[in-house]
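Colleague: Chain residues, written in single-letter form:
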Amino acid sequence: MLPGFSPEDRRVWLLIGAITLITLLFLPYSQFVLGVRYDYTLRTVAIGGSLLGIISGVLGCFAVLRQQSLMGDALSHAALPGVAIAFLLAGRELGFLLIGAGVASWLGVQFIRLLTDTTRIKQDTAMGIVLASWFAAGIALLAYIQARPDASQAGLDTFIFGQAAAIVEKDVRLIAGIGLATMFLLVLFWKEFKLITFDAEFAGANGFRVNLFSTLLSTLIVVAIVLGLQLAGVIMMVGMLIAPGIAARQWTNKLTQMVTLAAIFGGFSGGVGAIISALDTDLPTGPMIIVVAFLLVVISISIAPQRGLIWQLLRQRQDQKRFAAQMVLDDLFHYAYDHDSLSTVVPESFLKGMRGSAVKQGLQQLVNKDQVQPVNGGWQLTEAGRQAAADNATNTLMWDLYRQYNQTLDLPLIAEDRQRDIRELLPETAIHKLEKILQEELA
Amino acid sequence: MKSKPETSENGETPDALVIDDLTVAYNGKPAIWDVDLRIPEGVLTAIVGPNGAGKSTLIKAALQLIPRAAGTVRFFGLPYEKARSFVGYVPQRGSVDWDFPTSVIDVVTMGLYGQLGWIRRPGGKEHEIAMYALEQVGLEDFANRQISQLSGGQQQRTFLARALVQDAQIYFMDEPFAAVDAVTERAIIAIMRELRDRGKTVLVVHHDLQTIEEYFDWVTLLNVEVVASGPVETTFTSEKLRQTYGGRVSYLYEDKVKKTAEAG
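Note that the protein sequences, when read in sequence, are chains A and B.
When the letters of the first sequence are read in order and numbered with our numbering, they come out as residues 7 to 449.
When the letters of the second sequence are read in order and numbered with our numbering, they come out as residues 2 to 265.
Here chain A stands alone, though its shape is the one from the complex (with noise of 0.2 Å):
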């Protein structure tokens, strides 16, 4: 019943290899080049940038593909007030803080929803508001706390930037323990989570509890959001967690490879970010952390099969090359028939007239096949022309067939490709049918 090992999976588990590979090489050239030193510090401040990147990248996926990548930005800005009033509340304290982000950020997301729901302004302005004030007021709060005569605020501002040497053992504790929990929500709700982020008004229908689930998924997101606060600060947040998830996507149209590559792709750059950061202490972690994981969208982007930019240059060309062969073949073919012989030397006025520029790049092409050849300022078809053309001509007729009988003879429906050899896309059983079709109309 599995489909095999297709060349998507394969490509993936490749891809799985190379960044461990590149970890491992990068570890030991940070150590020994770099110069890095790989102490009890640093240990922790990569295993907790690493595990962020997890959390954050997978959670990131369903944020990117509910197209709430921005809502990820706003929620992470609308933190900081609520860094800055759970200081003068309660002091210091790692949870607080982290509660107090927390806290605003969701009552941020509650404004962005009452301002949709209640007035005409649109959703992107009403996260813009939420953003920008919320953002505003906790500038505003920090200064006011480093104003104060008190030693204990000092480094508070690392919750806008990011700072790795924030982190200590009892937070990757923390974080681990949150990241295993997130993990087991996702498993166990997976079926959910997936028909909801694809198909909300479906899922409702079908009886899921549409709202909970989603206020589930949310609630993960804010949660991963406000984890990753300290190390990559509210304003590189976003960046942390959508840019696994697109990169991830680039590779592949299956959601639970997308998931797994962003939890990779997130672990690498969360880990060698903190580790770039620690090689000067005024490097802020969130920043390095972004530019690693920007550097895999970029890579994705453009190298990835299919969805890369570099792939879709090269088909595009590809096509291009392929079309003007065909289209110059046809050309000579007809041109050769109508002049009652197939040997026909045809003019190479007549075939610019008909298709300009392609036409050279036609032509090298079909010389290259051994399809045509040079005579005496004309070119003729070969053997091997001859029968590409017929083949080429047989092609449109079988294709016009189906078009016409494709309801009658209860053929399989497929696109209509004429470029591509119908033979290759039908099942032997239905061209055999168009066959005999075809055999009746030319007797």
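FYI, nobody ran anything at the bench for these hints, they're computed from the structure.
You may find that some hints are simply not true.
Not everything, but these chain A residues come out facing chain B in the computed CB check (under 7 Å) [said to hold, decoys possible]:
hint	residue
1	K197
2	D205
3	A211
Quick list of in silico lysine-lysine cross-link-like pairs, DSBU-like style, CA-CA up to 35 Å [as the list claims (entries may be wrong)]:
hint	chain 1	residue 1	chain 2	residue 2
4	A	K197	A	K176
5	A	K260	A	K197
6	A	K442	A	K327
7	A	K128	B	K30
8	B	K83	A	K197
9	B	K126	A	K439
10	A	K375	A	K358
11	A	K327	A	K366
12	B	K126	A	K197
13	B	K126	A	K260
14	A	K327	A	K439
15	A	K260	A	K366
16	A	K128	A	K176
17	B	K30	B	K83
18	A	K260	A	K358
Stretch-level coverage of chain B by chain A, calculated; a stretch enters the list once three of its residues show a Cβ under 8 Å from a Cβ in chain A [said to hold, decoys possible]:
hint	stretch
19	30–41
20	135–148
21	233–240
The C-beta atom is built at its ideal place from N, Cα and C for all residues, glycine as well.
Please arrange chain B on chain A, whose structure you already have, making use of the hints.
Modeller: Positioned in the frame of chain A, the structure of chain B alone reads:
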């Protein structure tokens, strides 16, 4: 086959769909107003009306996808909560992101998620059911394709297959014929007829007045309120169409008037 109540308390077979006093409002403005509707079992029903008449709203409110301001809806005499397992739904094709990372067979299998219950994953049996539905809509060769590679008509047939696996008693389809190719239109109508012949009830939001008489046996004319509802022969008249559409689409029923005159 899922069980549905054979008889109601008074011993009669209840209608497939009974809607009473249904009103839905957006921003204080009624989208549908005081709708009363009875659809008997085993008919193919078209819901027609001008743009903004509340056709999709009617379906969505019946399936509790949007809040109702007032009214009750019963399926075979049961409220929706108890009727879910025998109600099938085909949403508008444009309501989802077709670049979602999933395959055709996967989307069709989603129709079985509701029956699977919590935690359980679809397995071999579900795969078989989904494949069978894909064969019915002529997409068996597309099972493992990514859904973004489908044409509009193929997308519509994928949605139809997803509803077929639900093996429901009553189907709601929201504009299945919108912008599809001729092949798909014929495939959809063939499947709708087959469902009807198997005793299922099918309600379809429809736009094309020209094909009502050919495709459907029951019609509901809607323009915020129900103008008329009943068998096509007695309900789909130029008089009632005029009431539904006003003077705006005279050309739509001029044809029909002519035809009626010729027949008479």
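Colleague: Give a verdict on every hint.
Modeller: Hint check:
1. K197: holds (5 Å)
2. D205: holds (5 Å)
3. A211: holds (4 Å)
4. A:K197 / A:K176: Within the cut-off at roughly 33 Å; holds.
5. A:K260 / A:K197: holds (13 Å)
6. A:K442 / A:K327: holds (33 Å)
7. A:K128 / B:K30: holds (20 Å)
8. B:K83 / A:K197: holds (22 Å)
9. B:K126 / A:K439: holds (33 Å)
10. A:K375 / A:K358: holds (20 Å)
11. A:K327 / A:K366: Since the Cα atoms of A:K327 and A:K366 sit roughly 10 Å apart, the hinted pair holds (cutoff 35 Å).
12. B:K126 / A:K197: holds (17 Å)
13. B:K126 / A:K260: Roughly 21 Å between the alpha carbons, so the hint for B:K126 and A:K260 holds.
14. A:K327 / A:K439: holds (32 Å)
15. A:K260 / A:K366: The given pair, whose Cα atoms are some 42 Å apart, is violated under the 35 Å limit.
16. A:K128 / A:K176: violated (42 Å)
17. B:K30 / B:K83: Holds - the C-alpha atoms of B:K83 and B:K30 are around 30 Å apart, at most 35 Å.
18. A:K260 / A:K358: violated (46 Å)
19. 30–41: Answer violated; 0 residues pass the 8 Å Cβ test.
20. 135–148: holds (count 6)
21. 233–240: Our answer is that it is violated, as 0 residues pass the Cβ test (under 8 Å) against chain A, missing three.
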